[in-house]
Amino acid sequence: MNAKKLIEENNLKRERLTPENEAYYSNLLLYIRLQFSLSEQQSEEVLMELLDHLLDGQKAGQTAVDIFGDNPKGFADELIEQLPKEEKRQLIPYFGGIIGTIIGWFLIIRGFLFLLLSPFTEVKTMVYPLSSICIALVIAGFVICTIVLILKLIKRSLFKEKDNTTKSSILAGVVAALGMAVVLLVAKFMPEIGPAFDFSWWASILGGGVVLLIRYGSKKFNSM
Amino acid sequence: MNMSIRSQLLKGILDGCVLAVIEKEPVYGYELSQKLLSIGLAEVSEGTIYPILLRLQKNGLIRGEMRPSESGPNRKYYFLTETGHEALETIIAEWKQLSKPVNELLIGRREG
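Chains A and B supply the protein sequences, listed in that same order.
Start counting the first sequence at 6; every next residue gets the next number (the working numbering).
Start counting the second sequence at 126; every next residue gets the next number (the working numbering).
Don't take every hint at face value.
[Said to hold, decoys possible] Derived DSS-like pairs (lysine-lysine); straight-line CA-CA distance at most 30 Å:
1) A/LYS157 - A/LYS172
2) B/LYS136 - A/LYS64
3) B/LYS160 - B/LYS201
4) A/LYS9 - A/LYS172
5) A/LYS78 - B/LYS136
6) A/LYS64 - A/LYS224
7) A/LYS18 - B/LYS183
8) B/LYS201 - B/LYS183
9) B/LYS221 - A/LYS10
10) B/LYS201 - A/LYS18
11) B/LYS201 - A/LYS10
12) A/LYS18 - A/LYS225
13) A/LYS18 - B/LYS225
[Stated by the list, open to error] Cβ-Cβ distance ranges computed for the label pairs, FRET-style:
14) B/GLY141 - A/ASP75: 45 to 53 Å
15) A/GLU92 - B/THR208: 55 to 63 Å
16) A/ALA181 - B/LEU223: 55 to 63 Å
17) B/ARG131 - A/LEU39: 29 to 37 Å
18) B/SER163 - A/GLY101: 23 to 31 Å
19) A/ILE107 - B/MET191: 30 to 38 Å
20) B/SER132 - A/ILE97: 22 to 30 Å
[Stated by the list, open to error] To be clear about the criterion: a stretch of chain B counts as covered by chain A if any three or more of its residues have a C-beta under 8 Å from a C-beta of chain A, and this derived list gives those stretches:
21) 145 to 158
22) 188 to 201
Derived from the structure by calculation, the hints contain no laboratory data.
This structure is a prediction, so every number in the text was calculated from the model and none was measured.
Virtual Cβ for every residue (Gly too), placed ideally from N, Cα, C.
Could you put together the complete structure from these sequences and hints?
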């Protein structure tokens with residue numbers, strides 16, 4: 006059974022837990038799933054085993070604390086230490102796929118926007134690749150920093166008696182707003198440097214479509 | 126206190142116990158913990174078998190396989206590998222060598 010199937014089954018089975026056991030198990034599950042360097046398949050397999058064990062124990066009147074102990078973080082760390090790492094081969098297509106999807110949709114939306122706006126206003130279809138790459142890097146940096154921060158905040162909030170959700174949300178919001186401001190400023194004041202070419206609306210849609218098709222095709226191919 | 130001494134003593138030999146249970150017949154996690162319990166090894170908190178199972182798997186001593194269980198749903202059953210059999214033999218031989226003098230020293234002390 007692959008990881009995706011295991012996750013689906015896990016979602017269904019988790020509903021059979023008592024609220025108390027569900028809270029304990031969900032912390033464990035989130036904490037282990039947030040370790041992106043670990044093999045997803047192996048992580049999901051052990052999570053399923055723990056869930057099955059907990060459900061069996063629940064029938065016999067045991068609680069999660071009885072079975073896994075009163076130190077869930079320590080228990081999770083022991084599991085993480087023994088779980089094998091994800092192979093790099095599988096990470097590269099994963100991130101490549103995400104970036105491809107973003108670029109594909111960006112190009113298509115850009116194309117349609119230009120098509121719709123051009124009757125009303127003059128749109129600049131000239132593209133300066135060097136400037137565009139600089140802006141893209143700033144955006145990527147912003148996105149990565151924000152995601153890392155949010156994941157850190159989530160990880161820190163697990164296994165805590167009282168949640169500091171409000172404080173964490175405000176912190177994440179402020180950082181995201183500041184980052185967005187930086188991105189907008191850079192985009193506005195980035196000088197137009199290097200060579201340029203005309204990138205019309207139809208070329209944009211075509212380019213985006215091709216990228217998405219390749220992405221879709223390789224996904225199909227990989228899952229065969 | 127007694128509990129912690131016992132679990133400390135057990136730590137070193139628990140791998141051997143887990144391998145020995147799996148050698149008798151393939152088991153899944155919950156079964157394994159129940160068997161350890163019924164043998165009398167109640168000191169092992171049930172959850173602790175999972176890091177052990179992961180480590181034994183990583184070292185190639187056991188392998189897991191999804192199979193339908195007696196009660197119906199699929200469970201991950203563990204089997205001993207060739208390396209696992211060899212490791213168990215080594216552990217048993219070492220245990221014999223260790224337990225004899227330790228027994229003589231700790232238990233024979235009273236009688237002698």
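These are the hints, each one checked on the structure:
no., hint, in the structure
1, A/LYS157 - A/LYS172, "holds (14 Å)"
2, B/LYS136 - A/LYS64, "holds (29 Å)"
3, B/LYS160 - B/LYS201, "holds (16 Å)"
4, A/LYS9 - A/LYS172, "violated (33 Å)"
5, A/LYS78 - B/LYS136, "holds (20 Å)"
6, A/LYS64 - A/LYS224, "violated (41 Å)"
7, A/LYS18 - B/LYS183, "holds (27 Å)"
8, B/LYS201 - B/LYS183, "holds (15 Å)"
9, B/LYS221 - A/LYS10, "violated (45 Å)"
10, B/LYS201 - A/LYS18, "holds (16 Å)"
11, B/LYS201 - A/LYS10, "holds (15 Å)"
12, A/LYS18 - A/LYS225, "holds (28 Å)"
13, A/LYS18 - B/LYS225, "violated (48 Å)"
14, B/GLY141 - A/ASP75: 45 to 53 Å, "violated (27 Å)"
15, A/GLU92 - B/THR208: 55 to 63 Å, "violated (22 Å)"
16, A/ALA181 - B/LEU223: 55 to 63 Å, "holds (60 Å)"
17, B/ARG131 - A/LEU39: 29 to 37 Å, "holds (35 Å)"
18, B/SER163 - A/GLY101: 23 to 31 Å, "violated (51 Å)"
19, A/ILE107 - B/MET191: 30 to 38 Å, "holds (35 Å)"
20, B/SER132 - A/ILE97: 22 to 30 Å, "violated (43 Å)"
21, 145 to 158, "holds (count 4)"
22, 188 to 201, "holds (count 6)"
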